[in-house]
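The sequence shown maps to residues 1 to 418 in this note's numbering.
Rather than coming from a laboratory, the hints here were simulated on the basis of the structure. Where is the CB? At the ideal position from N, CA and C, for every residue including glycine. A hint or two may mislead.
[As the list claims (entries may be wrong)] Restraint-style ranges between C-beta atoms, simulated for each label pair:
hint, residue 1, residue 2, range
1, T95, R334, 40 to 46 Å
2, T417, Q191, 35 to 41 Å
3, E145, A360, 40 to 46 Å
4, D88, D190, 28 to 34 Å
5, S159, A48, 32 to 38 Å
[Stated by the list, open to error] Below 30 Å or equal to it, Euclidean Cα-Cα: the simulated DSS-like pairs (lysine-lysine) are:
hint, residue 1, residue 2
6, K92, K68
7, K92, K149
8, K66, K138
9, K138, K388
10, K20, K68
11, K149, K388
12, K20, K66
13, K68, K25
14, K66, K253
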Amino acid sequence: MGLVEAVDIGGDLAGDGSTKRFRAKRDAILAAAAQAINEHSAKGMTFADIAQRVGLNTTSVTYYFKRKEDLAAACFEYTLDQLQAMLDDALKQPTPERRVARYLAINMDRLARIHRREATAFAVLSDLRAMEDPVRSKLMTGWREVFRKTRSLWGSGSSRAETDLFGARAHVLLENTFWLPVWLGRYEIDQYPRVEARLMDIFSGGIAAGNSPWAPDRIDLDHDEEEPGREAFFLAATRLINELGYRGASVQKIASELNVTKGSFYHHLDAKDDLVLACYKRSLDSIADALRRAEDEDGTYWDRLSSVIGTLLEIQFSERGPLMRTTALSGLPRSVRSALVDRSNLIARRYAGLLSDGIAEGSIRPVDPLIASQALMALQNAAFDMRKWASTMPRDRAVAFYASTLCFGLFDNRVLTL
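With the sequences and hints as input, model every part of the structure.
Below, the structure written as structure tokens:
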């Protein structure tokens with residue numbers, strides 16, 4: 001059964017009909033658990049909730065999975081297995097561009113089937129690092145294999161720099177497909193083919209027009225913090241929530257990260273939820289502030305946009321960061337999560353406005369600004385996970401490589417000359 005040992009069901013598998021019934025019920029439990037993980041996180045999922053979703057009692061669910069952790073691990077393993085199968089399909093294509101196009105098409109088809117209730121959603125992988133060993137280590141090995149296989153869509157790098165660039169492209173591609181379900185619901189299902197074509201156009205040609213250079217100016221986002229201790233809490237909590245999810249980053253873990261007591265934590269903030277919301281607000285305010293300040297700068301709209309992208313990526317890769325990942329929202333109360341996604345969409349509209357002005361000016365390619373803005377939101381979200389990758393090279397190069405994925409497209413190597 002892979003990462004999770006199957007329960008001993010003895011004679012129940014003796015007949016083919018029993019086997020099919022068992023697998024059907026097990027699959028229904030996995031589908032319900034994936035939905036629960038996506039809504040409440042792996043730690044927030046309960047057997048009682050799963051049982052209610054599939055019309056069983058709690059004891060019946062434990063017949064299939066002895067522990068909640070086993071069920072969560074099986075959901076994550078299924079997601080990883082499906083990603084591997086999708087990538088294997090894409091790798092049959094002869095060129096990097098056709099492989100990426102195929103991988104995107106498979107994802108769009110899957111999301112269309114989910115919309116038509118012909119399929120169920122995968123469990124999102126944001127809680128992988130919150131699992132306990134030894135399951136966590138095995139799942140992370142599976143994730144690293146998914147990443148390596150995605151990177152191989154571009155072939156084998158002929159140099160260390162090219163391998164680094166392919167790694168950035170792989171990560172941005174994966175994160176954009178993970179981000180799709182967040183915003184695709186704003187489109188009618190008959191518009192999905194158009195969305196796919198416009199997103200692939202951005203992957204192919206990027207957003208910069210012609211031979212626009214990568215020469216961003218750093219936007220000053222430094223603010224005076226009234227209580228320096230609170231800022232330290234914000235940074236520690238943001239890192240832990242990005243890594244472990246909302247429920248995985250406990251007050252004790254945040255306090256331990258700072259070598260302080262839980263009492264000291266509550267001296268700065270009334271409750272963990274206050275800290276989480278403050279972290280999200282701080283991050284979204286920083287993004288909005290960068291866009292707002294860029295609007296007042298001189299130069300082309302491409303110059304302004306590239307400065308925003310460069311500044312935010314530098315924050316993600318530096319000790320001044322990171323910014324909170326919107327994909328770490330699972331586990332928050334639904335109303336709070338919806339409000340934060342709404343704020344994220346408002347910021348995406350700012351990106352869209354800057355893109356539209358650049359298209360009219362001619363410094364930005366005529367891309368779909370609404371779709372490009374969501375791709376940029378995924379780009380800045382995803383950068384946190386690449387901090388270790390970025391630490392292996394000069395910071396400016398890491399920012400340029402990562403930004404090039406959407407600025408110049410996933411198949412343009414001009415950034416290798418930097």
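Quick check: does the Cβ-Cβ distance between S159 and A48 fall within 32 to 38 Å? 54 Å, violated
Next pair to validate is K149 with K388; report whether the Cα-Cα distance is within 30 Å. Distance ~19 Å between K149 and K388 Cα, so the pair holds.
Straight-line alpha-carbon gap K66 to K138, limit 30 Å: 19 Å, holds
Pair hint K68 and K25, alpha-carbon separation not exceeding 30 Å: At roughly 16 Å apart (the allowed maximum being 30 Å), K25 and K68 satisfy the hint.
Tell me if the straight-line CA distance from K92 to K68 falls inside 30 Å. Given pair K92, K68 is violated - Cα atoms ~37 Å apart, limit 30 Å.
Is the hinted range of 40 to 46 Å satisfied by the C-beta distance from T95 to R334? Holds, at about 43 Å.
Could you check the hint for me, namely that D88 and D190 are 28 to 34 Å apart, CB to CB? 29 Å, holds
Run the distance test for K138 versus K388: straight-line Cα separation, threshold 30 Å. The hint holds at about 20 Å.
Can the restraint linking K66 and K253 be considered satisfied, given a maximum Cα separation of 30 Å? This hinted pair holds, its Cα atoms lying about 27 Å apart.
Tell me if the beta carbons of T417 and Q191 are separated by a distance inside 35 to 41 Å. The hint (35 to 41 Å, Cβ to Cβ) holds, given that T417 and Q191 are roughly 38 Å apart.
Quickly compare the C-alpha distance for K20 and K68 to 30 Å and report which way the hint goes. 23 Å, holds
Is 40 to 46 Å right for how far apart the beta carbons of E145 and A360 are? Holds, at about 44 Å.
Of the numbered hints given earlier, the model fails hints 5, 6; all others are met.
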